[in-house]
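Number of protein chains: 2
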Amino acid sequence: MTGDRPTKERIIDATLETLRVDGFAGTSARTIARRGGLNQALIFYHFGTINDLLLAALDRAAMERREHYEEAMRDAADARDLIEVAARLYREDLEAGHITVLSELIAGSLTEPSLGPEIVARMQPWIDLAEGAIARAIEGTFVRELVQPRDLAFALVALYLGVDLLTQLDGDHARAESLFEVGRRLTVTMSMLEDGAD
Amino acid sequence: MTGDRPTKERIIDATLETLRVDGFAGTSARTIARRGGLNQALIFYHFGTINDLLLAALDRAAMERREHYEEAMRDAADARDLIEVAARLYREDLEAGHITVLSELIAGSLTEPSLGPEIVARMQPWIDLAEGAIARAIEGTFVRELVQPRDLAFALVALYLGVDLLTQLDGDHARAESLFEVGRRLTVTMSMLEDGAD
DNA sequence: GTCTATACTTGGATAGAC
DNA sequence: GTCTATCCAAGTATAGAC
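Protein chains in written order, with numbering that gives the first Met the number 0: chain A, 0 to 197; chain B, 0 to 197.
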């Protein structure tokens, strides 16, 4: 099955799995190699440094995920759609362990300062994506006069990240669901106000 | 000046300063000892393990801070007051480096799994504090029918944490200020709706 | 490209003298 | 309580044979 995957890909596979299972702390050249049944020296041959490998792993995970996000968000016409789409994507991310990988790398980029700027640069496209979706969802409503899509997008990404981290820390996934429920009610209220106003 | 401070206190001082300056990654028994002009072995004599020292440092920073928060929030009667108080406290935290210490320890608690549960337990009082303030601020308004103070408190703490981390990573403090501006407008809108509804 | 072996560094922690 | 000296584990990374 994985036997004929190129070594470089197998290293990335093993890296993502190690991040998911053992966290950033447990992700070293040695543990990655052990999990992937690979020789440790191959990592340095193919990627040079561990940091470059971690970034390569993040890039691959993000690329696969971004298409999915863009497609799902294209279909969301208003704020109420968007909330449902966001809740679904969050659940998928959680299931697939993408959330774990992201949280671990963000936390790790504080721990490993040389990683910081690279991680930040890779988050910008996600903020842009959120901004576009939000801009479409609130266009022509009174909310548009109240907040900049850019600020809301940043807040949303920050909130997502904070919830990830706290959830990661105490394993309580129910609270994320409560938040989506709050979002639902807020968007319902918003559209009621909107209908009453116009 | 600091000469007659007990050694245990001096170790905690040096730990907090190291977390602020060098981050979690740069905080080891050796770096703490060097910064504090202390002998490395003293750390283990007084605290046993590095983790216990980090938790002791967090406890001291939190204790000093919590009184200040409780006092400031007691004076906030409604949501508009609360936003102003929150913005002021955030700026103070930023200035004093409390935000750095907290972010580093949260990130570090993902990196150092044995730290995780302890850090989570120490965040709960802050969520409770936020919940109480929010409950008072939205009591008797239509918002109370829309969301649970508990959910909003969790979201707020998560947002605070996420903003901290991103700010920490890219050094852009302006965006946090934009968010307080958004909060201001939302609370103004909220009280306008409230006045119109009652 | 892949392997073994190893150099080098840093960190947590302890033993034992003072 | 404080110091010096040291052990041991784990990490990144490279040299050199195959």
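Among the hints, a few may not be true.
To be verified - Per label pair, the in silico range of CB-to-CB distance:
no., chain 1, residue 1, chain 2, residue 2, range
1, B, G195, A, G139, 16 to 24 Å
2, A, V187, B, E66, 35 to 43 Å
3, B, H67, A, D58, 51 to 59 Å
4, B, R87, A, L145, 17 to 25 Å
5, A, P5, B, E83, 40 to 48 Å
6, B, F43, A, R29, 39 to 47 Å
If you are wondering where the hints come from, they were derived from the structure by calculation, not from laboratory data.
Backbone N, C-alpha and C fix where the C-beta goes; we use that ideal spot for every residue, glycine too.
Right, here's what the structure says about each hint:
For G195 (chain B) and G139 (chain A), the Cβ-Cβ distance of about 22 Å falls inside the hinted range of 16 to 24 Å, so the restraint holds. One distance hint, 35 to 43 Å for the beta-carbon pair V187 (chain A) and E66 (chain B), holds here, with the actual separation near 40 Å. Against the hinted window of 51 to 59 Å, the Cβ-Cβ separation of H67 (chain B) and D58 (chain A) comes to about 43 Å, which falls outside the hint. At roughly 23 Å, the beta-carbon separation of R87 (chain B) and L145 (chain A) lies within the given 17 to 25 Å, and the hint holds.
Remark: the range hint 40 to 48 Å for P5 (chain A) to E83 (chain B) is contradicted by a beta-carbon distance near 57 Å. Separation of F43 (chain B) from R29 (chain A) is about 27 Å and departs from the stated range, judged on CB atoms against 39 to 47 Å.
Consistency with the previously given hints fails for numbers 3, 5 and 6, ordered from lowest to highest.
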